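**Q** Below, each chain spelled out in residue letters.
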Amino acid sequence: MTAVVPDAEQRAYVAAQAADARVNVEFESEGMTLNIGPQHPATHGTLRIVAKLDGEQVVSCEPVPGYMHRGYEKLTEVRTYPQINTLVNRLDWVGSFANEVPFILAAEKLMDVEAPPRAQHIRTILFEMSRLANIVLFLGDLGAQMGGVTAVFYGFRDREFVLNQIEAVTGGRFHPNFDRIGGIKDDLPKGWIAETKVAMQKVREFCDEVEDLLIGNEIFKMRARGVGVIPADVALSYGLSGANLRASGVDYDIRRDGGAPGLAYDKVDWKVITHVDGDCFARCWVRLQEVRESVKICEQLLDTIPAGPIMAKVPRIIKVPEGEAYAETENPLGIMGYYVASKGDLTPFRVKIRTPSFNNISVVPWVAKGVYVPDVITILASLYFILGDIDK
Amino acid sequence: MSTVATILGELTPAYWQSTLLRVLIIGILVPTGALILAIVFLFKVMAWMQSRLGPYEAGPKGLLQLVAEVGKWLQKEDLIPRGADRIVFKAAPFVILASTFVLYAAIPSGPDPAFAANVPTGVYFILAVSSLSVIGVLMAGWASSNKYALIGGIRAAGQLIAYELPMVLAAVGVVILARSLNLQDIVTAQAQFHVLGDFGIALPFIVVQLPLFVVFMAAVQAELTQAPFDMPIAESEIVAGYQIEYSGFRFLVFFLAEFATAFGFAAIVSTLFLGGWYLPIPGLADDLQSGWWYVLGPIILFTKVMIVSFIVFWVRFTYPRFREDQLQKFAWKWLIPISLAWITLTSVAVVVWQ
Amino acid sequence: MPNIPGKGLLKGLGVTFGEMVQTLKPDSMGGGPVTVQYPHEKEEPAPRARGVIALHEENCTACMLCARECPDWCIYIEGHKYLAPPRREGGKPRQKNALDRFSIDFSLCMFCGICVEVCPFEALFWSPEFEFSEVKIADLLHDKTRLGEWMETVPEFEPYEAGAEVKVKKVPAR
Chain Z
1 MTAVVPDAEQ RAYVAAQAAD ARVNVEFESE GMTLNIGPQH PATHGTLRIV
51 AKLDGEQVVS CEPVPGYMHR GYEKLTEVRT YPQINTLVNR LDWVGSFANE
101 VPFILAAEKL MDVEAPPRAQ HIRTILFEMS RLANIVLFLG DLGAQMGGVT
151 AVFYGFRDRE FVLNQIEAVT GGRFHPNFDR IGGIKDDLPK GWIAETKVAM
201 QKVREFCDEV EDLLIGNEIF KMRARGVGVI PADVALSYGL SGANLRASGV
251 DYDIRRDGGA PGLAYDKVDW KVITHVDGDC FARCWVRLQE VRESVKICEQ
301 LLDTIPAGPI MAKVPRIIKV PEGEAYAETE NPLGIMGYYV ASKGDLTPFR
351 VKIRTPSFNN ISVVPWVAKG VYVPDVITIL ASLYFILGDI DK
Chain W
1001 MSTVATILGE LTPAYWQSTL LRVLIIGILV PTGALILAIV FLFKVMAWMQ
1051 SRLGPYEAGP KGLLQLVAEV GKWLQKEDLI PRGADRIVFK AAPFVILAST
1101 FVLYAAIPSG PDPAFAANVP TGVYFILAVS SLSVIGVLMA GWASSNKYAL
1151 IGGIRAAGQL IAYELPMVLA AVGVVILARS LNLQDIVTAQ AQFHVLGDFG
1201 IALPFIVVQL PLFVVFMAAV QAELTQAPFD MPIAESEIVA GYQIEYSGFR
1251 FLVFFLAEFA TAFGFAAIVS TLFLGGWYLP IPGLADDLQS GWWYVLGPII
1301 LFTKVMIVSF IVFWVRFTYP RFREDQLQKF AWKWLIPISL AWITLTSVAV
1351 VVWQ
Chain X
2001 MPNIPGKGLL KGLGVTFGEM VQTLKPDSMG GGPVTVQYPH EKEEPAPRAR
2051 GVIALHEENC TACMLCAREC PDWCIYIEGH KYLAPPRREG GKPRQKNALD
2101 RFSIDFSLCM FCGICVEVCP FEALFWSPEF EFSEVKIADL LHDKTRLGEW
2151 METVPEFEPY EAGAEVKVKK VPAR
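Protein sequence lines correspond, in order, to chains Z, W and X. Terminal number for the first sequence in this note's numbering: 392, no gaps in between. Terminal number for the second sequence in this note's numbering: 1354, no gaps in between. Terminal number for the third sequence in this note's numbering: 2174, no gaps in between.
In case anyone wonders, no lab produced these hints; they're calculated from the structure. Please note that a few of the clues may not be correct.
Stated by the list, open to error - Computed spacing ranges between beta-carbons, pair by pair:
{"hint": "1", "chain 1": "W", "residue 1": "Thr1303", "chain 2": "X", "residue 2": "Pro2039", "range": "31 to 37 Å"}
{"hint": "2", "chain 1": "Z", "residue 1": "Met68", "chain 2": "X", "residue 2": "Gly2014", "range": "55 to 61 Å"}
{"hint": "3", "chain 1": "X", "residue 1": "Glu2152", "chain 2": "W", "residue 2": "Glu1057", "range": "30 to 36 Å"}
{"hint": "4", "chain 1": "Z", "residue 1": "Ala194", "chain 2": "W", "residue 2": "Leu1165", "range": "58 to 64 Å"}
{"hint": "5", "chain 1": "W", "residue 1": "Ile1161", "chain 2": "X", "residue 2": "Gly2014", "range": "31 to 37 Å"}
{"hint": "6", "chain 1": "W", "residue 1": "Glu1057", "chain 2": "Z", "residue 2": "Gly323", "range": "57 to 63 Å"}
{"hint": "7", "chain 1": "W", "residue 1": "Pro1060", "chain 2": "X", "residue 2": "Gly2014", "range": "54 to 60 Å"}
{"hint": "8", "chain 1": "W", "residue 1": "Ala1068", "chain 2": "Z", "residue 2": "Val198", "range": "36 to 42 Å"}
{"hint": "9", "chain 1": "Z", "residue 1": "Glu77", "chain 2": "X", "residue 2": "Val2021", "range": "16 to 22 Å"}
{"hint": "10", "chain 1": "Z", "residue 1": "Gly370", "chain 2": "X", "residue 2": "Met2029", "range": "50 to 56 Å"}
Claimed, not checked - When the alpha-carbon atoms are kept at most 25 Å apart in a straight line, the in silico BS3-like pairs for lysine-lysine are as follows:
{"hint": "11", "chain 1": "X", "residue 1": "Lys2011", "chain 2": "Z", "residue 2": "Lys313"}
{"hint": "12", "chain 1": "X", "residue 1": "Lys2007", "chain 2": "Z", "residue 2": "Lys185"}
{"hint": "13", "chain 1": "X", "residue 1": "Lys2011", "chain 2": "W", "residue 2": "Lys1044"}
{"hint": "14", "chain 1": "X", "residue 1": "Lys2042", "chain 2": "W", "residue 2": "Lys1044"}
{"hint": "15", "chain 1": "X", "residue 1": "Lys2170", "chain 2": "Z", "residue 2": "Lys185"}
{"hint": "16", "chain 1": "Z", "residue 1": "Lys221", "chain 2": "W", "residue 2": "Lys1329"}
{"hint": "17", "chain 1": "Z", "residue 1": "Lys109", "chain 2": "Z", "residue 2": "Lys319"}
{"hint": "18", "chain 1": "Z", "residue 1": "Lys369", "chain 2": "W", "residue 2": "Lys1147"}
{"hint": "19", "chain 1": "X", "residue 1": "Lys2025", "chain 2": "Z", "residue 2": "Lys190"}
{"hint": "20", "chain 1": "X", "residue 1": "Lys2011", "chain 2": "Z", "residue 2": "Lys202"}
{"hint": "21", "chain 1": "Z", "residue 1": "Lys190", "chain 2": "X", "residue 2": "Lys2167"}
{"hint": "22", "chain 1": "Z", "residue 1": "Lys202", "chain 2": "X", "residue 2": "Lys2169"}
{"hint": "23", "chain 1": "W", "residue 1": "Lys1044", "chain 2": "X", "residue 2": "Lys2167"}
{"hint": "24", "chain 1": "W", "residue 1": "Lys1333", "chain 2": "Z", "residue 2": "Lys221"}
{"hint": "25", "chain 1": "Z", "residue 1": "Lys221", "chain 2": "X", "residue 2": "Lys2011"}
{"hint": "26", "chain 1": "X", "residue 1": "Lys2025", "chain 2": "Z", "residue 2": "Lys185"}
{"hint": "27", "chain 1": "Z", "residue 1": "Lys352", "chain 2": "Z", "residue 2": "Lys319"}
{"hint": "28", "chain 1": "X", "residue 1": "Lys2025", "chain 2": "W", "residue 2": "Lys1061"}
The structure presented is a predicted model; accordingly, all values stated were derived computationally and were not measured. Glycine is no exception: its CB is placed at the ideal position from the N, C-alpha and C atoms.
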């Protein structure tokens, strides 16, 4: 269907679109429009933030996501459940096992199948390890965005230990594809538990190192304290979740409150960390303490894995009965949920993915009013999003 | 050695001969050697602090990395943005490079003829010349026709001008102790600075001017726009700031100017606070005109320069960066009062004890 | 330690300096960088690492299950039916599948493992081999000869941790 548009009109239209995207010096009286992104080292991927500046202060600020939209929810309508499991790994690609878990839990709810205790246990261990991998990267990247480049290398270096352990059991460092409806794919290889405990110790040392290098640094504190304060009611109304919410003082953690069946959190002794300030420093600090708590959880789980089968009785070709189910878990980035509607086929009828980063960046226009340009970067760094998670 | 001394002594009257020698050493040899070693030093030290090995393939253990870098940058396309002011855009890197090379001219690396210009007001000359680079930065920021470059350039202007003052004040303390602005006189004053009485060895000025040393180092870090003061080039925010539109040879000039300036400032710090080309070696400690200093002087100066630049880079890789207003507050509320207080103390001490 | 202003700054300097010393220490003292100088030294990936897929042709019956289940549809299988001689005298000739073509396009492959898992005859195996890069993207379409060659690199299945009830599988003899 082609419409005949006069050449001049076409050129005017293209010029108008280009004028919006062009970055050059304009003599606007109310200040300058700056595009932070989509190609930018500080946003974790292709996020575009259109900021109207008055000198160095931000007058208004609007995130424009969608540069990485891959059409996940449409893809799931023509994929079988094991295939969706593979695809869904690639949403939050730094803590990728965590993406599979809520989807599998929703499908298990629909099929009315429960994974055996050993599978639930190992699932929880891998879930916590993906949380470690994710937040260790966050702590390293915090350095990069603040200007202390060495912290990045320490983050990636110590993340390797966790990824090596994930690779030893699942075969894939970044995309494990290990969770199955009714259990997990394979059992642990010999010697894995001892090696993982060594990796946990390394992560603990990393936490101390980052505290000395970055979080305890006076310059970092000056940059992050008092910047980007989000009060608890605003956080709740914008749908923030995860460490962002807990840093504003709201004591809500689905691992404890949601009671997700299929994970073994009730067998472990751990606590939820909150902070009252709600500024950037609080969010970074809460995540650092959460890494320490995760290490504690992992070590307790590693000591108490029950013996038994790893897979419940599930048919080879999976046809999920008709119905709808929603399952959400406390992912490293926040609360991730899958709403699976099935009509009894091999493929689901519709899957709606509730990703944490999408809601987390919705608060940016509110929080970034009146701050300086470097503070916008600090706020984005502390809110912590992954583009695959925002754009799906 | 005495023959070398006589030869070099005989050279000073003949103007063109000594000029040639000085241009060769100061204009070409010193900066090139400095750059090769500075850049490799920088990359290697940065890598070691990050648990990795740094450049390893270019040359033995990566020592020819600068040659590889130069080759890489030279073969890139020369881009000038469409809306850019062409003449200013092209001239900006060379303004910065020029101010750096003039800096090297006044630093003594040995007794009398071993430097390019024995400026009677050496300290004043150096500080004035180094602030010319601000013009180059502003030119680059404005002429690039890019909002990021403009932000970077304006931040740089504010920062570089603000940190001129602590640098000058910190140098004043040294000048009071040495009673001269001439850099060669400052070195000889440190050679005779027996603050512990006639029994002790000559001490460099850092011993009694430690707060001013810290202030000067902070100011140097800011003048080089290194972290924690690298707002103008904040890589993760405005992606190279005023250098953003430069590629190829022009970026290479910025790159080289940055390292040459780093080494130049490190040489100034060594001369003012650490004793310059002098070291109280037993046997040579009192004979400042001996021919040995022509050989040992540059080596000693170079070692001190490496130590000082190590400290500069060490701080650069460890700390996150300040925000603009915090940066200005730090200069005006902390560095300047400390330096003023210490200058007063120094002046009182000099009057009382001498 | 008393709360001196600037304490955090000094601790940070200490961390980087300590790291530098650790990197410069010789290997015998437990130091050295964490990086591996790749072309000169190589790291061994885990035995279960998903490097490349290997095909054991004798077991394959061209049932097409792997090609159907692949999320990317990157497996191309062609086979034909033929009549094999009867197993004993006087019996009917048996119909069997022969494999003509079995190619995997590794430029599309997501390395998810669904094909390996779904194969009912245990003809596909994971191998930790990762050095198979090509210059042209079309060269990443590997046929059954190459896939058969990779069977050499398939490691034996490891024993499990205590408490596992799964039995260790066996890689067929080459």
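**Q** If a hint holds in the structure, say so; if it does not, say that too.
**A** Hints and how they fare:
no.: 1; hint: Thr1303(W) / Pro2039(X): 31 to 37 Å; in the structure: holds (36 Å)
no.: 2; hint: Met68(Z) / Gly2014(X): 55 to 61 Å; in the structure: violated (40 Å)
no.: 3; hint: Glu2152(X) / Glu1057(W): 30 to 36 Å; in the structure: holds (32 Å)
no.: 4; hint: Ala194(Z) / Leu1165(W): 58 to 64 Å; in the structure: holds (60 Å)
no.: 5; hint: Ile1161(W) / Gly2014(X): 31 to 37 Å; in the structure: holds (33 Å)
no.: 6; hint: Glu1057(W) / Gly323(Z): 57 to 63 Å; in the structure: holds (60 Å)
no.: 7; hint: Pro1060(W) / Gly2014(X): 54 to 60 Å; in the structure: violated (32 Å)
no.: 8; hint: Ala1068(W) / Val198(Z): 36 to 42 Å; in the structure: holds (39 Å)
no.: 9; hint: Glu77(Z) / Val2021(X): 16 to 22 Å; in the structure: violated (57 Å)
no.: 10; hint: Gly370(Z) / Met2029(X): 50 to 56 Å; in the structure: holds (53 Å)
no.: 11; hint: Lys2011(X) / Lys313(Z); in the structure: violated (55 Å)
no.: 12; hint: Lys2007(X) / Lys185(Z); in the structure: violated (49 Å)
no.: 13; hint: Lys2011(X) / Lys1044(W); in the structure: holds (22 Å)
no.: 14; hint: Lys2042(X) / Lys1044(W); in the structure: holds (22 Å)
no.: 15; hint: Lys2170(X) / Lys185(Z); in the structure: holds (17 Å)
no.: 16; hint: Lys221(Z) / Lys1329(W); in the structure: holds (15 Å)
no.: 17; hint: Lys109(Z) / Lys319(Z); in the structure: holds (13 Å)
no.: 18; hint: Lys369(Z) / Lys1147(W); in the structure: holds (20 Å)
no.: 19; hint: Lys2025(X) / Lys190(Z); in the structure: violated (33 Å)
no.: 20; hint: Lys2011(X) / Lys202(Z); in the structure: holds (19 Å)
no.: 21; hint: Lys190(Z) / Lys2167(X); in the structure: holds (13 Å)
no.: 22; hint: Lys202(Z) / Lys2169(X); in the structure: violated (33 Å)
no.: 23; hint: Lys1044(W) / Lys2167(X); in the structure: violated (51 Å)
no.: 24; hint: Lys1333(W) / Lys221(Z); in the structure: holds (18 Å)
no.: 25; hint: Lys221(Z) / Lys2011(X); in the structure: holds (14 Å)
no.: 26; hint: Lys2025(X) / Lys185(Z); in the structure: violated (42 Å)
no.: 27; hint: Lys352(Z) / Lys319(Z); in the structure: holds (19 Å)
no.: 28; hint: Lys2025(X) / Lys1061(W); in the structure: holds (16 Å)
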